[in-house]
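Novice: Here is how the chains run, residue by residue.
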Amino acid sequence: SQELEQSPQSLIVQEGKNLTINCTSSKTLYGLYWYKQKYGEGLIFLMMLQKGGEEKSHEKITAKLDEKKQQSSLHITASQPSHAGIYLCGAIVIIQGAQKLVFGQGTRLTINP
Amino acid sequence: GAVVSQHPSRVICKSGTSVKIECRSLDFQATTMFWYRQFPKKSLMLMATSNEGSKATYEQGVEKDKFLINHASLTLSTLTVTSAHPEDSSFYICSARDRVVLGTDTQYFGPGTRLTVL
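Protein sequences, first through last, are from chains Z and X. Take 1 as the starting number for the first sequence in the numbering used here and just add one per residue. Take 1 as the starting number for the second sequence in the numbering used here and just add one per residue.
Everything labelled a hint here was simulated from the structure, so no lab data went into it. No residue lacks a Cβ here, since even glycine has one placed at the ideal position from N, Cα and C. Among the hints, a few may not be true.
Unchecked claim - Under the rule of at most 27 Å between Cα atoms (straight-line distance), these lysine-lysine pairs were calculated in the DSSO-like manner:
{"hint": "1", "chain 1": "Z", "residue 1": "K17", "chain 2": "Z", "residue 2": "K27"}
{"hint": "2", "chain 1": "X", "residue 1": "K41", "chain 2": "Z", "residue 2": "K60"}
{"hint": "3", "chain 1": "X", "residue 1": "K41", "chain 2": "Z", "residue 2": "K38"}
{"hint": "4", "chain 1": "Z", "residue 1": "K17", "chain 2": "Z", "residue 2": "K60"}
{"hint": "5", "chain 1": "Z", "residue 1": "K100", "chain 2": "X", "residue 2": "K41"}
Said to hold, decoys possible - Negatives, chain Z to chain X, calculated, CB over 10 Å:
{"hint": "6", "residue": "P8"}
{"hint": "7", "residue": "G16"}
{"hint": "8", "residue": "N22"}
{"hint": "9", "residue": "T24"}
{"hint": "10", "residue": "E55"}
{"hint": "11", "residue": "E59"}
{"hint": "12", "residue": "T62"}
{"hint": "13", "residue": "D66"}
{"hint": "14", "residue": "S73"}
{"hint": "15", "residue": "Q80"}
{"hint": "16", "residue": "S82"}
{"hint": "17", "residue": "K100"}
{"hint": "18", "residue": "G104"}
{"hint": "19", "residue": "Q105"}
{"hint": "20", "residue": "T110"}
{"hint": "21", "residue": "P113"}
Given only the sequences and the hints, what does the whole structure look like? Please build it.
Specialist: What follows is the structure, encoded as structure tokens:
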């Protein structure tokens with residue numbers, strides 16, 4: 001079965017510092033998604049990566065997918081309190097012919113002022 | 001961007017009663033919707049895939065008779081937790097897949113429903 005491992009599980013950084021969250025798959029990824037969740041709320045779509053070596057940026061958040069399509073990283077530059085939350089990577093898997101989105105365990109990000 | 005709503009956002013019910021949660025795609029048609037469950041400080045667990053006009057597909061370990069799913073239209077799916085028990089207390093999140101734009105296949109999530117069973 002497809003497994004997604006995120007690291008670290010939790011992260012505390014000083015406001016203004018850079019940080020990186022990693023997502024590793026046991027199998028080749030057909031599509032890798034990054035979502036952000038605030039506790040007790042729904043998920044906010046950040047980015048989707050499909051091609052090996054692909055990189056996308058939105059404001060101060062950059063996500064990359066490696067050439068082998070088994071690892072993705074999410075990098076935040078000059079972190080702000082608004083970046084705090086839970087970051088989840090997700091991947092499309094095919095189970096019994098159906099496409100399903102499964103998630104890593106999440107990374108809880110805290111930004112200290 | 002695509003918007004998915006859920007109702008109610010929060011519900012408290014007595015043990016033994018049934019609770020219905022609605023998931024709506026507001027500005028797009030979703031032939032497929034998904035229901036997830038999230039335990040405190042845990043990731044999302046896929047419960048079932050809801051297809052418009054057909055029966056839902058449940059993940060292993062999820063009771064079909066316990067969690068009834070109906071996808072009556074392209075914009076609405078409902079999850080009914082029947083004869084709820086305290087162990088059913090959880091955060092339930094739905095998502096809808098927007099297939100209008102080829103190649104994106106992005107799932108958009110609702111804000112979630114927190115169910116507490118007393």
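Novice: Each hint needs a verdict: does it hold in this structure or not?
Specialist: Here is what the structure says about each hint:
1. Straight-line distance between C-alpha atoms of K17/Z and K27/Z comes to about 32 Å, which puts the hinted pair past the 27 Å bound.
2. At roughly 26 Å between alpha-carbon atoms, K41/X and K60/Z fall within 27 Å of each other, so this suggested pair holds.
3. Taking the CA atoms of K41/X and K38/Z, the gap is about 11 Å. The hint holds against a cut of 27 Å.
4. Only pairs whose Cα atoms come within 27 Å are accepted, and K17/Z paired with K60/Z is accepted, the gap being roughly 12 Å.
5. A hinted pair counts as satisfied when its Cα atoms are at most 27 Å apart, and K100/Z with K41/X qualifies at roughly 22 Å.
6. Taking the minimum C-beta to C-beta distance to chain X, about 14 Å, the non-interface status of P8/Z holds against the 10 Å cut.
7. Residue placement check: G16/Z keeps its beta carbon more than 10 Å from all beta carbons of chain X (closest about 27 Å).
8. Non-interface status of N22/Z relative to chain X is upheld: no Cβ of that chain comes within 10 Å, the nearest being about 15 Å off.
9. Non-interface status of T24/Z relative to chain X is upheld: no Cβ of that chain comes within 10 Å, the nearest being about 15 Å off.
10. Consistency note on E55/Z: stated as away from chain X, and its beta-carbon is indeed over 10 Å from all of that chain's, at 17 Å minimum.
11. With a least CB separation of 15 Å from chain X, E59/Z remains clear of the 10 Å interface cut-off, as annotated.
12. Taking the minimum C-beta to C-beta distance to chain X, about 18 Å, the non-interface status of T62/Z holds against the 10 Å cut.
13. Even its closest Cβ contact with chain X, about 21 Å, leaves D66/Z beyond 10 Å, as expected for a residue assigned away from the interface.
14. For S73/Z, the requirement that its beta carbon stay farther than 10 Å from each beta carbon of chain X is met, with the minimum near 18 Å.
15. In this structure Q80/Z is separated from chain X by more than 10 Å, as the shortest Cβ-Cβ distance comes to about 21 Å.
16. Every CB of chain X is more than 10 Å from the CB of S82/Z (nearest about 18 Å), matching its label as outside the interface.
17. For K100/Z, the non-interface assignment is contradicted: its Cβ lies about 6 Å from the closest Cβ of chain X, within the 10 Å cut-off.
18. For G104/Z, the shortest C-beta to C-beta distance to chain X comes to about 6 Å, within the 10 Å cut-off, and the non-interface label is violated.
19. Look at Q105/Z: its CB is around 5 Å from the nearest CB on chain X, not clear of 10 Å, so calling it non-interface is violated.
20. Even its closest Cβ contact with chain X, about 13 Å, leaves T110/Z beyond 10 Å, as expected for a residue assigned away from the interface.
21. Every Cβ of chain X is farther than 10 Å from the Cβ of P113/Z; the closest lies at roughly 23 Å, confirming the non-interface assignment.
In summary, the numbered hints that this structure violates are 1, 17, 18 and 19.
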